[in-house]
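Now for the letters of each chain:
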Amino acid sequence: MSVIAIRPDYEAHTEVRDRLGNFHGNQVVYVHWEKHLSFCAAIAFPLPPDMPFGAFIDNVIKPHYAPHPQAEAIDWAAVTWQIDGADATPDLGKSLAENGVGHKSIVRFWTPGLDGYHGSAS
Amino acid sequence: MSARKLGLKQRYALMTRGLDWETTYQPMEEVYPYDRFEGIKIRDWSEWEDPFRLTMDSYWKFQAEKERKLYAVLDSFAQSNGQTGISDPRYINAIKLFITGVSPLEYQAHRGFAFTGRHLRGVGPRVAAQMQSLDELRHAQTQIHTISHYNKFFNGMAEWPHMHDRVWYLSVPKSFFDDARTAGPFEFMIAIGFAFEYVLTNLLFVPFMSGAAYNGDLATVTFGFSAQSDESRHMTLGIEVIKFLLEQHPDNLPIVQKWVDKWFWRGHRVLGLVAMMMDYMLPKKVMSWKEAWEIYFTEAGGALFQDLARYGLRPPKYADVATAEAEHISHQNWCTFYQYTHAAAFHTWLPTAQEMDWLSEKYPNTFDKYYRPRYEMWAQMEKDGHRFYNMALPQLCTTCQIPMVYTEPGDPTTIAFRQSMYKNERYHFCSDGCKDIFDAEPEKFAQSWLPVHQIFQGNCGGATVPDVLDWYKLKVGEDNLDFGQSPDRKTWDEWQASKSRLAG
Ligand SMILES: [Fe+2]
Ligand SMILES: [Fe+2]
Ligand SMILES: [Zn+2]
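Sequence lines, in order, name chains E and R. In terms of UniProt numbering, the first sequence opens at residue 1 and continues consecutively. In terms of UniProt numbering, the second sequence opens at residue 1 and continues consecutively.
It is worth saying that the hints were derived from the structure and are not from the lab. Think of the CB as a built atom: it goes at the ideal place given N, C-alpha and C, for glycine as much as any other residue. It is possible that part of the hints are untrue.
Restraint-style ranges between C-beta atoms, simulated for each label pair [said to hold, decoys possible]:
#1 R:461 to E:14: 43 to 49 Å
#2 E:19 to R:161: 25 to 31 Å
#3 E:19 to R:439: 18 to 24 Å
#4 R:439 to E:118: 47 to 53 Å
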């Protein structure tokens, strides 16, 4: 234990609030569209681990980024992905879990040719 | 026979020393359980110097006098409808941020110093902590009274204590103080007494108080004056604490250094709210955040740490990163509130053309390149009838609890993502500073009550945004959204109209 506490059994009295089991069968997934900082941070969703990656794109990613004027121009076949810091080629038919997206994973994607409003990363 | 009049020094000694508690039938260790577990070694408590030499009796007299003056001004402010004299009604949003985000911290400081005063066994720091505890309670109280006048006319203030405990962005200041208050008494003294009250205080207090002065808020200015002498006492306590700990034992240095590093970074993150207030929320600007940072941290802080170098203490870790961030932090924060305006208890707006020019001038390295285009895009969208909202919830930093909006050092186009694994759980951070803090005490920070995750877990009133806002007691259409369409603005416009009718 690295925390310095007055009770030696400090940790036994703590509660990890982000535990997977606290999300009613969902896991938290973060997604971020690179070079489009009009969306100030990655966005978070509670999702079933067996959601297909294709559904994640169509039903979660697309509608939430739709307000950006460049959203319509995204060529989804050309998008490059990273899952938890490693390059990835998601299989759209397979689930989030099968694609290695776990609880509190961060999915980042780049859209070649689209670098935000007038290339300003906004 | 007439009583001999005591000299000041003698009187001070009699009023402050020998008042400590020497236990008789219980061991001291049992009565003071908190002042050893942090590892701080004190050889001799009597070496504590109190440069202020304030005794409790004169403290009461002095404070009561200040109170009378303050309340006299507040009364006349209310009678003369002082609220109509502010520079611009947008200014009130800075006050909303203050009452919901800062005043509750005064109360937390009150409790923290009460705890510290109880649990440190040296009489000198006990008396000083007791006075500061009372000061902070008085600050909370007088701020509430000062601001209550504005609450009669403007939205967003009425539910401040309720909001402080629940609203997503208020978990930033709240968790900062929760962290300090759940630490031991020495860490609390370094966190709040030294890092906050000494190193960073001028970056909180000066912006709000001069902001008030520049924007015609006489009530808040008067509060500021009535707290000023307290603040200089708090600064003296903060510097005395650090010197005392470093002089008492060489083993204290690494512990103190770790706390200085931690609390500098945590303070810097919380002050991002002030940065945004200064650059965006004050209709009449005092100075830019970047300028304030240069004067109060780079220069004043630089001199301070030069002075403390003789104890072996070095400037806080990541001070250079924080200084580089002064170019960005206010813009990145305001952009966050602009897109989450539906979930904020104050109003937002896009900077006017004139304000943008001021920002370009103050931030020649960054504003035109990274932030002006963002505002121009949003302005165009507003004009086209598609005001930009972010309708998803943001990823939060586990340590500072701020949405992970900050960018990589040296690359303002890429978000900084940092992670740690602890007991098979993944944790995310906005910066190396926040990651280090977590890694040093994962058992503590794994307990973070992160608003976004709490919403997903169903602990915040429901699954939809309206459910959550209801749980916040945030009134949709009154407290939130853009200033332009707000009832606040309507109120103000009516005042202006009646003024010109009277003049007419
Ligand atoms: Fe205070
Ligand atoms: Fe203070
Ligand atoms: Zn952070």
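For each hint, the structure was consulted:
1. R:461 to E:14: 43 to 49 Å: For residue 14 of chain E against residue 461 of chain R, whose Cβ atoms are near 25 Å apart, the range 43 to 49 Å is violated.
2. E:19 to R:161: 25 to 31 Å: holds, 29 Å
3. E:19 to R:439: 18 to 24 Å: holds, 19 Å
4. R:439 to E:118: 47 to 53 Å: Taking Cβ atoms as reference, residue 439 of chain R and residue 118 of chain E lie about 39 Å apart, which means the hint is violated.
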